[in-house]
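One letter stands for each residue in the lines below.
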Amino acid sequence: MIATLLVICSLNLQAGDTLKKGDDSATIVLSVKSASVKEILENLEEQTNFHFFYNHKAMSSSEKITMTLDNVSLESALREIGERADLVFKVRGDQIVVKKKPAVSVISMFQREDYFLSKQDIDRVLASSKEVTIINEISVSGQVIDEVSKPLPGVNILVKGTTIGTTTDADGRYALTAPDAGSVLVFSFIGYTTQEVAVGNQTDISIKMEPDVSTLSEIVVVGYGTQKRSSVTGAVSSVESKEISALAVPSVQSALQGRVAGVNVTNNGSPGASPIVRIRGIGSITGSSDPLYVVDGLPTGGLNSFDPRDIESVEVLKDAASAAIYGSRAANGVILITTKKGAKNRGMTVDVESYYGVQNAWKTLDLLKRDDYLQYGTELLTNAGSTLPARFSNMNDPIYSGTSQTYAQTETDWQDEVFQAAPIYQLQASLASSTEKAKLYASAGVYGQDGIMVGTDFKRYNFRLNSEMNISKFVRFGQTLTIASSNQTNLQESGGRTILQHVVHSVPYMPVRDPTKLGGYRAPDNNDGSDPENPMRIQEMDENSTDVVKVFGTAYLDVSILQSLTYRFTFGSDFSYSKNLVDQPIYNDGFGGRTQHNLQDNRTTWFSPLFQNQLTFNKQFGKHLINVTAVAERQDLKFSALNASAQQSSNFIYSLQAGQNQTIGYNDTYETTLLSYLGRINYEFAGKYLLSASIRRDGFSGFAPGHKWGNFPGVSVGWRVSEESFMASIPSISELKLRASYGSLGVNNVGPFDWQSLISLNTTFPFNNTNQGGAYFNSLPNTELSWEKTQMTNFGIDLGLFNNQVTLTAEYFQRKVDDLLLRVPLAPSMGYTVDYLGNVGKMENSGFELQAGYNKMDGDFTFNLTANIGTVRNEVTDLYVPGSTIFAGSNADFGGTNITKTETGHSVQGFYGWVTDGIFQTQAEIDAANNADGDAATKYQSQAAPGDIRFKDLNNDGVINESDRTYLGSFLPNFSYGLNFSGNYKNFDVTLFLQGVQGNEVYNGTKVLTQGMLRLFGAETDVLNAWTPENTDTAVPRAVNGDPNQNSRTSNRFIDDGSYMRIKNLTIGYSLPSAILNSFAKGSVRKLRIYASFQNLLTLTNYSGYDPEIGYRNANSLVQGIDYGQYPQPRTIMGGIQVGF
Amino acid sequence: MRNIIFLSSISICLLIAISCDEDLLEKDNRNKQTTTTYYKTASEISAALNGVYAVLQSNSMGGREWFFLHDLRSDEMATGGGQLETHRNQVLIGTHDPSNGVLSSVWTASYRLILRANAVIQFAPDADITDANLKARYIAEAKFLRAWTYFQLYAFWGDVPLYQEFSTSIADAQARAPISDVKALVISDLTEAISVLPSSFSGNDLGRATKIAAQAVLAKVYLFDGQYQEAKPLLEAVVAAGEAAAGGTALMDEYFDNFTEETEYNKESVWEISYTANGNYNWDGDGNDYGPNESWIRSQEYSAVGWRNLIPSDKLLAEFENNDPRLNYNFFFTGDEYGDPSSPKSLTDVDQRGNSSVFKGVTQKISWKKYSVMYKLDPGGFWDKIGINYRMMRYADIYLLLAECENEIGSGTKAVEYLNKIRARPSVNMPPYPTAAYPTGSKDQIFKAVMHERMVELAGEEQRNFDILRWRKAGKLATEPISYFQANKYERLPIPLGELDANVNIEQANQNPGY
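Residue numbers (my numbering), protein chains in the order written: chain A, 4 to 1144; chain B, 59 to 573.
It is worth saying that the hints were derived from the structure and are not from the lab. Just so you know, these numbers come straight off a predicted model, no measurement behind them. Relax, there's no trap hidden among the hints.
With beta-carbon atoms standing in for the labels, derived distance ranges:
no.	chain 1	residue 1	chain 2	residue 2	range
1	A	S653	B	N380	45 to 55 Å
2	A	D639	B	T92	19 to 29 Å
3	A	S653	B	N262	26 to 36 Å
4	B	A229	A	D369	44 to 54 Å
5	A	F466	B	N262	49 to 59 Å
6	A	T1031	B	Q566	31 to 41 Å
7	A	G937	B	E565	20 to 30 Å
8	A	E1033	B	Q566	33 to 43 Å
9	B	S238	A	Y669	36 to 46 Å
A virtual CB, placed ideally from N, CA and C, is assigned to each residue, including glycine.
Just chain A, same shape as in the assembly (with noise of 0.2 Å):
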């Protein structure tokens, strides 16, 4: 459309050289009644010796011209004929070829890239034009057709050079004429690989276009709005649905990892937990780093509702000038979501997607067996001076009266029974469809995943239904719907500590289970001097189960009030209902037990409406390309929850009614209101040289007076070098872009009353007996709490090669976080439990991203390259008060002794404490030790003996205490990569993923426990390789129950390397040659794949635990990377099919 409205304008109507081929001085005396166009052009034909060319089936037209013309140039003839006929004219040698004039107001108004001219601009356009070309034109047509063969309409057709150029029709057909036989044709289209075919002295161009992989497609999901890829000048990352939907994960978050530079996902527990995502590093200490995610323009959480392959595309935000349109929420960086609207081309398509697979550990301890416990236990204990358990004498009794089996007989692998081959499967079915006035795509899904450690699970089923509708030229409405249900089994802790931590810790000679007991299960008991929890019977008996439903919504209506300019009404809904029952049972497994079944039903109800209006004003003044958005939007929370609880006795009754001791525990409702007004111009000059420039206005109702309201503006530049003439002398670079950016972001992470110091009546004290209400306060109140302040400034370069199949992005950012939205923990002298929550302390993050691609996409083999490293340094450089430091991490089973440190001038959450020296071989060498001061009297290691380990006197003062720590290592890795590879040799395709971080340390707190000898337990072989006087070549120190030398402080003995490089995913698929398919199906059957994927396949690492892959535990920041016995993640096989109809 644009190329044929900018034809007109180097029509030729200015008598000049070659107009005079007949009488130069010639005028036209015209005048006719009612007579046809036809007509009115054989009479110039007379009056002139040009010959006029048209199709005669284009000027049938009935109408009628009346017109006297006296004396005029022939241009002014033509001028006045093509006002009232409509009609074009252009200069072609002795020949003049006539044409229909296009129909302005058929235009849609939602092509964007479309250009308007009102009748006055073409008018303008006519006059103006002064140039006289003679155009050697060759009219082209064809047909476009997608990747399956079906007919692709709307694709963009430029003549290249010019701005010559059309579309293709509901058939996927254009027409064209091409200015001489050496134009060339481009051919692109959203979501495709961009074309150029050059004409020669063809006329029948058609085309197959192939899907773009390539990370540099044309229009990105920006917020509020879209951009072309060429013209963003933030650091915005793409992920596409291809990619998202790869591995079997329910969330898209699991999705994400390693696929974007700078975005690092750490898997985080049993099916359905959530991982961790951090968006270029820590973003805050103590509060949440996590992103904001914003689902079809509507920010929520709970991504586990959201079925992965709904999802169409994901865009990173990850510098403040993109973010920035968030305004007080973006600081940790924004994930864009955008689900799936309709069919690509227009027609109709049903998928059917299903998976299979099963989950296994890859990765078991050496633990103890039986003998050998029975051998450490009477070691560690003789050397404590300690009695042996009863039953270390009494091996040979019966496990329990009834059997025979003796504990002598007994073996039980405790991860055998905790570890179980797991199945996971998804079954998906989609239609999408899309004609002119309606696009639509639905579809129906479950997901199903078993953890590997028995009693976990994860089950969801998903409804979605997408709609768009162009009600008339001016109106159009959509809507997204999505429904889910999900439940999900967690993983329990039990006495505070982990599952893996009972198993690691239980007895080998003990059986699992015991019919003689109360609920069927065993543990040890008094003779066994040892307490673990049966872990199976914490995971199969009690149970921690979640169901969430979740309906989640938007609609908008699209209205043009000018052509240039939109509005659009969004209303967002965001609802989920969640119901968490604990369920924990009667039961005596002869060490612990319980008299009543301990039921508690949790729910909470959420309600967050979105009420959002934007104007939208985009236009082309020549060279110059504005686009401005404004939005007013209103986002409220409704938040309600009530916590009840009673006993039954009664294990097979579920229902808290009747029960005793029926309590409402926790009951919270509140409401919140973010207020926010935003606008964002962007300006584009001749495609060169780029602006963008944003503000957000936010008002949160969650700060204390006076401090609710923040600005967050952001600014942008890009310079695309490749668009400059002087780069036409190197056509190897088609991409090259600079860009740079700076804003300011906020995080209002922060409960709604959070500054209150609230009074608690949460306690009681029976006086006589009878329980009385008590009432507290454990906070300090803070009434300047308000919004913390990151800038981040950002530098980065887009490169494409070789008409981007190479491309190239890198980007050097710096984040600065303000007011540091930062729990203080408080001295403990001061009485409060809740740690302080204020506006204090600074921290840094900078680091460097590149992204990589390379594309070969020609031939039989295809294939196509990407890589992503990114780094993040981190640190904090300034607390609350000078000097002042935070310390996390202490647990009485890894030690006792806090594990991380946080202090201005490190990184957060250092791990932090003493370093080891090697293991006291004899008592001169103590001594020598306790005398190196001068003063034997004053021990350098209080209780240490021969076999224990010597620690490091890092002060030189001749005694080891909290004086002698330091750091030990970061949990934050010097880099994080993915690598991926996708290939396609005829109908097979290969999909290798590697992901993995470099240069982490993992606390391994997994090593503490089996390692760690600090009371009776099971643990791993290596302590049969404890220190001995006849062993003394080990570093494994004496084994001597109660750890008086606390050998199992933290220390680098338990600092692993946690570097690991993972082949996430590798998948094989095969698809039948579409011959095949239409010899049995009949073409009802479009596509037909069938795959094994692989994820988790191999891991390349030195950690000596479960898993490298570590989160945090309890949600608990500043204890990330500390391995207390957190679920593994699991290697999987599976088998898929893909059919398409």
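Go by the hints and put chain B onto chain A.
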């Protein structure tokens, strides 16, 4: 064009309709009151006071850690075996360091109690309480609890941070205040409590701090520093009040009645922490939860068939005279009956996990019976529903302290009289002093009898640790009872690492010596 105007109007209307009224950002908290809206009425101040008592009862205090801390530092206890958690064992054998969880729990909870008490003390004067006496009583109870806690703190740690008001800024963390300052506040608080509180309560006020409790605590404060002169009249007042109320000696005939659920708030009781068997044990450190979980874990921790974490030390067992019935009130021996008295079970060696004791030359399993629920039921492996009240102070203790005072500054005869009241208890009925083993011919001899009598009468009642501390300080111990003791270190606990880490005014340089 008409459409455009129409639609534009709609748009503008919508814009206006939800345009942002900034009052929307002012939200009321419909769930909780705040420190500025609460503490206004009698019932609110009363509830705030209950909150102070609740900490006293919590897991970190009387519920668990506090009695452990006393017991682990006394010579009455020995490890039950490998099941004793490492951090507790460290205190028992003297290898605890500033990161030790037992001592940091008690430290933290003590100051939480003080925060809550300070809130009552500060808010109550301005509260709308018409009954002036009631208002004064609320404040006095809070001051009593604050004083008791500060006394515990400085007795354990020496100089400690002193907060007479709750802190309002993160910069309010206090440096260590000299004991003398802390003690001055303790004395002034208790003096006020004595002048305001009634001698006894009844009905659903049973368990509140009384005048006699305040007098008894103040006496202990003085005795901790050997101030017998100041302590004696207070103890005499307590005894007078108790005997007047009891109409005779303020001792129960049955020694064991002091440790059962059925005989709580009896005449021998000076002050109790209340527990009930309703619900389970509340593991929350501060005693906060929503359930009626107000039971006690003591029975589970020490019982013969429970976790049996601590057992009596051989030394304590040996302290009992032959035929002292209190031996069997305090301890279970293999073969003893336990459980439902109507169908008792016989305790076996196997039932009792862990270590054995050596008693009278015989290695055997001996376990704590005092405060165990086994006197009336079989708890099996696990029982966390014990409602026995903890007797913080009872008259036997008062009589014995008075005997000690008389011996030091009064009459030896009177001292022996007080001692013999304890021995004459019908269920004890031990021959009166002097005996062959414990002559009372001299002040020293009477003191030995006091030491002996306190040890056997108050075994496992968390008196021994402070007795050792004060006697050691006064130079009254001929032999050091704590095997690992090392002067200029073990008199005090280390300031917890959490305090060193988070309090900018307390650094390693301010740590107690030896740590």
